[in-house]
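A.B. asks: With the hints as your guide, set chain B onto chain A.
Which chain is which? The protein sequence lines are A and B, in order. Taking UniProt numbering, the leading residue of the first sequence gets 1, the next gets one more, and so forth. Taking UniProt numbering, the leading residue of the second sequence gets 1, the next gets one more, and so forth.
Hints are supplied without guarantee of correctness; some may be wrong.
Computed footprint of chain A on chain B, listed as stretches where at least three residues anywhere in the stretch have a Cβ under 8 Å from a Cβ of chain A [stated by the list, open to error]: (1) 293 to 303; (2) 508 to 518; (3) 569 to 581.
No lab work stands behind these hints: they were computed from the structure. The beta carbon of each residue, even a glycine, is placed where N, CA and C say it ideally should be.
Chain by chain, the residues run as shown.
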Amino acid sequence: MTTKTSLLKVILLGDGGVGKSSIMNRYVTNKFDAHLFHTIGVEFLNKDLEVDHHQVTLQIWDTAGQERFRSLRTPFYRGSDCCLLTFSVDDNQSFLNLGNWKKEFIYYADVKEPEKFPFVVLGNKVDVTERQVSTEEAQRWCQENGDYPYYETSAKDATNVAVAFEEAVRRVLAMDERTDHLIPTDTVKLHRKPRSAVACCS
Amino acid sequence: MAADSVYKVIFEHEGVFIHPSSDEDGIEQDLLVSGSLRIIDKDGEIFVEYKPLEDAVDPSNMLCAGKDSSSVVEWTQCPGDKSHQMIETQQSYETEWDMINTVSFRKRPCPNGEGFLNHSHERSRWTLTFSVCELKSITVKEEGWTFLLCKLKEATTTIPALHFHHGGSNEFLDSLRHFVLLTESPDDTTCLLVTSPNKALSQSFENLLDDNSFGLVHKFKKDPYVTTLGGFSKVTNYIYDALRGTEEQHQRPPQEVADLLGEIIPGLEINQQEEPGFEVITRIDLGMRPQVTRRHPLSAEDWTKHQHPEGRMVNVPHLKHSIFKGGLCHAVRKEAWKFLLGYFPWESTLEERKALQRNKTDEYFRMKLQWKSVSEEQERRNSRLRDYRSLIEKDVNRTDRTNRFYEGIDNPGLALLHDILMTYCMYDFDLGYVQGMSDLLSPILYVMENEVDAFWCFVSFMDQMHQNFEEQMQGMKTQLIQLSTLLRLLDLAFWNYLESQDSGYLYFCFRWLLIRFKRELSFQDVLRLWEVMWTGLPCQNFHLLVCCAILDSEKQKIVEENYGFNEILKHINELSMKLDIEEILQKAESLCLQIKTCKDLPHSVSVILGLDTLDPCGSPAPRPTQCLDTCCKGHLRETSHNSCKVAFMS
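Just chain A, with the same shape it has in the complex (with noise of 0.2 Å):
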């Protein structure tokens, strides 16, 4: 028998700031380094783990925020099978943009249905003691905008960072079976660029 395993390209995406190369690398490294340069361009990282039974490769996305690099950045929306809208608890403009974020995403990404679309909310820095932006404000945002599953995270000390990740996991499996991402892992090389050879033979 041969167990499958998903590969699943989740992005980051949210204010300059507002953590997320730090949630990234807190998820997958498990390590905290609070002088972190800012992000230039785009990176990313594998993470591979196990959801109600089923091998997940995520492929996690990172990207400058700043409005700049825009458009060197927006094409990396491509292909997503999730996306992190994030901000910080401790600045309320980052969450006011959010709705900025969700909209560049679905633009970009060329969703075909984006109120089906599985976006998780991250309220990071939640470790701060000086809020600006509270709980109900932040998941009356999420029920509002398409129910959306709200988690307040730290990437400082740990806090929810793998469940987040895990519910968006558990997301984008319910969306449908994920056939045809199912692919033997025996076989697979996620090292390998994906790619389809057929596709384009039309």
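C.D. replies: For chain B alone, kept in the frame of chain A given last:
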């Protein structure tokens, strides 16, 4: 559009000889067989075909090879320009190849040459055709000219050596590379091992070019060269995919990502703006890469020797050369960088510099006061200033925090970094603050240890880097295109590989270029690289050759591991802090020397590296048209039906 059975000539070269009596030593001229070598797409399968001319041998007939028995092409041979005639010849051929399906293809040459024998026609005995899939290896030999020994997988079959008396072997191999992977044999560098695609997945060349999803036909009209290159690499894509197997054919985001990036970085438009018409960068023999050595950093004593008692710097070219070759001792940097960056004129006296600094200090604090005096009320109504400030505050806390100058909480270095960046917003409010600028400032401030000097040196550096950060990021696009041009000259095979992996526009070099390797090297190495670059030696845009040098060191890994779009990006990102600056500088300099000695340098490359102006004799670099005429017969054109058949770089 494709007919049931379609032949396409992908490559054609005439004046290729077989030496029937080739006993290595003697070549009996009258026994030479002359013919044309072609690469043909026959219903999506790629063949190499050799056909002798009916009454060859006489090289003067070489240009009108159309009397080939299998072709009905006829034309009148008019005296005149040979190259013009050549193109006509090929065009005529091609049209015919499209229409005529009656040409018989021999399946393959039979063992011991017996199978070549066509009893009705002596010459046809040397006709041979084989599928590229049957190729095992090609050995490249030189004997005053180049000849190729093709070996088939089926060891019993021998193919006679193909002698390129009129050149063209490189072009043939390059063309072949669009369909198979040629890798040097580890045992014999003259031997290229052939890896061919899985036949089931081999894709019709024509289908690919017609594929509307790539909009190739449309693009071709606008931009035949680029589009065709892309088209060829799409073919290569399928080949690499085929080699990799089909296990992952369910996802194609990398390709979509790449296609979008390709639209944002419109490939090679710059080249075309620079020169009307098209320039084909063909495989140019660059010759040996010369060995260069690096030197010790310039000492304080050496620096002082170049300073006149009044303070003027003397023998500046020599000084710059020394800095280029070895960099600076740290003690000299604080002073020398001001000259290198253009804050201090080289010819200024000490007195003049003091006056300059006084003025610049006033000017700095005037601008600093501007943002310092903005009240909270005002700032609430100034969203741009608010956004700049917010991002600067965030980024200052995330810039070089492990460096002693910026580490810890409330380090004065952080406040200076912040204040200088805010003041720069006042200096250039349109640009304001863009992420990456803190990276450029940090080393300068570290060296200057002075707010005002650091600011003005940063202003000078930003003058060079400004375009990188502008709204349209034109500087980034231009550099990526220039880098692509250089890489194609230096290593076409590698560039072809990258292009086949949707990475030909070199997006993965984005961070390198945006902030000049600031994140790739250790802090001390960044200081070294930047001072070397600021000498402006040994050519313009030397940093692009630095990119090429790094890529040269990584290409083996990338190709051997068969990295795709994502892995290339990841691999390059992860080179950060693993690079050896002296090794890179050495290689980049030797690449520069190698390019400078090349005679047939494409004009675009001369322009990028500023070699036209650096040429001591003042003689312009050879025009690309010359190169097109003499060293290749590649030609770009659109034929009657827009199947954009053969725009090949041969």
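A.B. asks: Are the hints correct? Go through all of them and say.
C.D. replies: Status of each hint after checking the structure:
1. 293 to 303: Since 0 is below three, the answer is violated.
2. 508 to 518: Three-residue rule met by the segment 508 to 518 of chain B, so holds; n is 4.
3. 569 to 581: holds (count 3)
Checked against the numbered hints given earlier, this structure breaks only hint 1.
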